[in-house]
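Novice: Sequence:
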Amino acid sequence: MTPSVELREISKRFGNIIANDRVNFTLFPGEIHSIIGGNGTGKSTLVKILYGILRQDSGTVFIYGKPRVFRHPKDARAVNIGMVHQEMLLLETQTVMENIILGVEPTRFGWLLPLVARRKIQKIIDRHKLDIDLHKKVFGLTVGERQRILITRLLYQEAQILILDEPTAALTPQETDTLFSVLTSLKRTGASIIFISHKLPEVLKFSDRISIMRSGKMIATIPGAEAKGYVIIELMTGERLPPLAPKAQQVPLSGMPKTKQETDCVFILQDIHCDWGSCPLKGVTVKVNAGEIVGILGVEGNGQSELESIISGREGKYSGKILFNGDPLPPGEPHTLKLNHIGYIPSHREENGIVSSFSIAENIILGRHNEPSVSGKVFLKQKEITAHASTLIDEYDIQPVDESAEIHTLSGGNQQKVVLSRELSQQTKVLIACNPTRGVDIKTSYYIHKRLFEMAEKGCAILVMLSDIEEAKLLCHRIAILYDGRITRVAASNEATETELGYYMIGGR
Numbered sequence: 118m119t120p121s122v123e124l125r126e127i128s129k130r131f132g133n134i135i136a137n138d139r140v141n142f143t144l145f146p147g148e149i150h151s152i153i154g155g156n157g158t159g160k161s162t163l164v165k166i167l168y169g170i171l172r173q174d175s176g177t178v179f180i181y182g183k184p185r186v187f188r189h190p191k192d193a194r195a196v197n198i199g200m201v202h203q204e205m206l207l208l209e210t211q212t213v214m215e216n217i218i219l220g221v222e223p224t225r226f227g228w229l230l231p232l233v234a235r236r237k238i239q240k241i242i243d244r245h246k247l248d249i250d251l252h253k254k255v256f257g258l259t260v261g262e263r264q265r266i267l268i269t270r271l272l273y274q275e276a277q278i279l280i281l282d283e284p285t286a287a288l289t290p291q292e293t294d295t296l297f298s299v300l301t302s303l304k305r306t307g308a309s310i311i312f313i314s315h316k317l318p319e320v321l322k323f324s325d326r327i328s329i330m331r332s333g334k335m336i337a338t339i340p341g342a343e344a345k346g347y348v349i350i351e352l353m354t355g356e357r358l359p360p361l362a363p364k365a366q367q368v369p370l371s372g373m374p375k376t377k378q379e380t381d382c383v384f385i386l387q388d389i390h391c392d393w394g395s396c397p398l399k400g401v402t403v404k405v406n407a408g409e410i411v412g413i414l415g416v417e418g419n420g421q422s423e424l425e426s427i428i429s430g431r432e433g434k435y436s437g438k439i440l441f442n443g444d445p446l447p448p449g450e451p452h453t454l455k456l457n458h459i460g461y462i463p464s465h466r467e468e469n470g471i472v473s474s475f476s477i478a479e480n481i482i483l484g485r486h487n488e489p490s491v492s493g494k495v496f497l498k499q500k501e502i503t504a505h506a507s508t509l510i511d512e513y514d515i516q517p518v519d520e521s522a523e524i525h526t527l528s529g530g531n532q533q534k535v536v537l538s539r540e541l542s543q544q545t546k547v548l549i550a551c552n553p554t555r556g557v558d559i560k561t562s563y564y565i566h567k568r569l570f571e572m573a574e575k576g577c578a579i580l581v582m583l584s585d586i587e588e589a590k591l592l593c594h595r596i597a598i599l600y601d602g603r604i605t606r607v608a609a610s611n612e613a614t615e616t617e618l619g620y621y622m623i624g625g626r
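In this note's numbering, the protein residues as written are 118 to 626.
Hints in this document: simulated from the structure, not taken from any laboratory.
Please note: incorrect hints may appear among the correct ones.
Said to hold, decoys possible - Label pairs and their calculated CB-CB ranges: (1) 500 with 438: 25 to 31 Å; (2) 132 with 544: 34 to 40 Å; (3) 274 with 203: 18 to 24 Å; (4) 574 with 343: 53 to 59 Å; (5) 351 with 447: 29 to 35 Å; (6) 190 with 318: 29 to 35 Å; (7) 172 with 457: 46 to 52 Å; (8) 318 with 611: 17 to 23 Å.
Just so it is clear, CB atoms sit at the ideal spot from N, CA and C, and this is done for glycine as well.
Assemble the whole structure, with the sequences as input and the hints as a guide.
Specialist: Structure (structure tokens):
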């Protein structure tokens, strides 16, 4: 069978960094072929070359046996290649149908033909059971619904080769099952699917073949039916990671007598209300004990961003209280987090976690520039700053290994590692972490979880906001479900099933 895609000896450099090193890859019709690897290993670069966003330095792209040169995504779309990006850019104020036909509206003599478009789209929806309402506005739709819109758009444009980049990052188990039901239906029609993910269980479950990348090279390609998780992790990381016991299996302070629990409750969100944002908060109360990891779990768009803005001090318009060791934190004052030794890992690092024009070393000391360890009477202690950054770069496997590199040149995953290294390397009493492992690889996720467990064991109270159920069950003692601005369920993570949690995440009672 002729491959639908063959990438032969693809190489790409960015300055001194080799992103792709003579990579070979094939994709066949009727196949889901997953690419998995650590951050900065070249996965995104490879598919961007296939989609015409980047141009390779050497090597050849073959589509159905014919060599092709893509200078722009429109060149890739012309041979029926489509891509669903992580950002999922859609026009919020337009309807689902308007988003699907945007740029390829059917016309005759200059007149728009909406009925023609609707009939074609409805056939696609019915054939693949996509379950979307063409008349709805995009604003307010779930992540899963948005993905189905983008997939429908690609099929409307008659794409036969589909690239999906981290499509399940923020989906519930039910939405993930729906997505793979759609992909399986597409596969039966002969579509070719490239699936990029950091989630090993779903890669193992749904892939026909799995390709593993490390350090810009294609290490191996394994049939999905024969793949073993531990083998893939060893190929990805170059080492065997020992099993990490779920935090939920350990005894949390919430299981202690009530009087002791109240004594050790160091961080409290008390009846938080707000009347602004896309999802106003309606009386959120969450308590975190010393030595406990509590998760706020929910599908994005249910009040997480509003709650994060309030906790971080960026927004002061709310009622209720945030208590630290029994004392209220002043609203609208972000600097009070540092003053009280409260660490904060933001959900959007580009906006609130890094300064893009600063170096790695400069970003690592953000908010700490007045501390004696890095600041003299007049000037910063550059030698100490460089040494500290070098230690964390090595510890967190940040690429490139150059503390002077400007952070905007790093991959998203490596930028996240810089933020994590800064916040986790300090002696914090409370840590607020918003999706701390989103976009990072398996090895780094493992290390982050290990560090959070260690911090909790030393008495740190940790509040994590998550959208991934599996991670919540692994990481947390207790899980509070946030839906439509309310906490609708609080459960010990070792007592609630993934199905039950997913049900509450989508509004079940």
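Novice: Compare the structure with each hint and give your call.
Specialist: Verification of the hints:
Between residue 500 and residue 438 the beta carbon distance is about 44 Å. The supplied range of 25 to 31 Å is therefore violated. Taken as a hint, the range 34 to 40 Å holds for the pair residue 132 and residue 544, whose Cβ atoms sit roughly 37 Å apart. A beta carbon spacing of about 19 Å between residue 274 and residue 203 agrees with the range 18 to 24 Å that was offered as a hint. Separation of residue 574 from residue 343 is about 39 Å and departs from the stated range, judged on CB atoms against 53 to 59 Å.
Checking the proposed 29 to 35 Å range against residue 351 and residue 447 shows it is violated: the Cβ atoms sit about 49 Å from each other. Checked against the hint of 29 to 35 Å, the pair residue 190 and residue 318 passes, with Cβ atoms roughly 31 Å apart. With their beta carbons about 50 Å apart, residue 172 and residue 457 fall inside the hinted range of 46 to 52 Å. Take residue 318 and residue 611: their Cβ atoms lie about 19 Å apart, and the range 17 to 23 Å holds.
Hints 1, 4, 5 from the earlier list are contradicted by this structure; the remaining hints agree with it.
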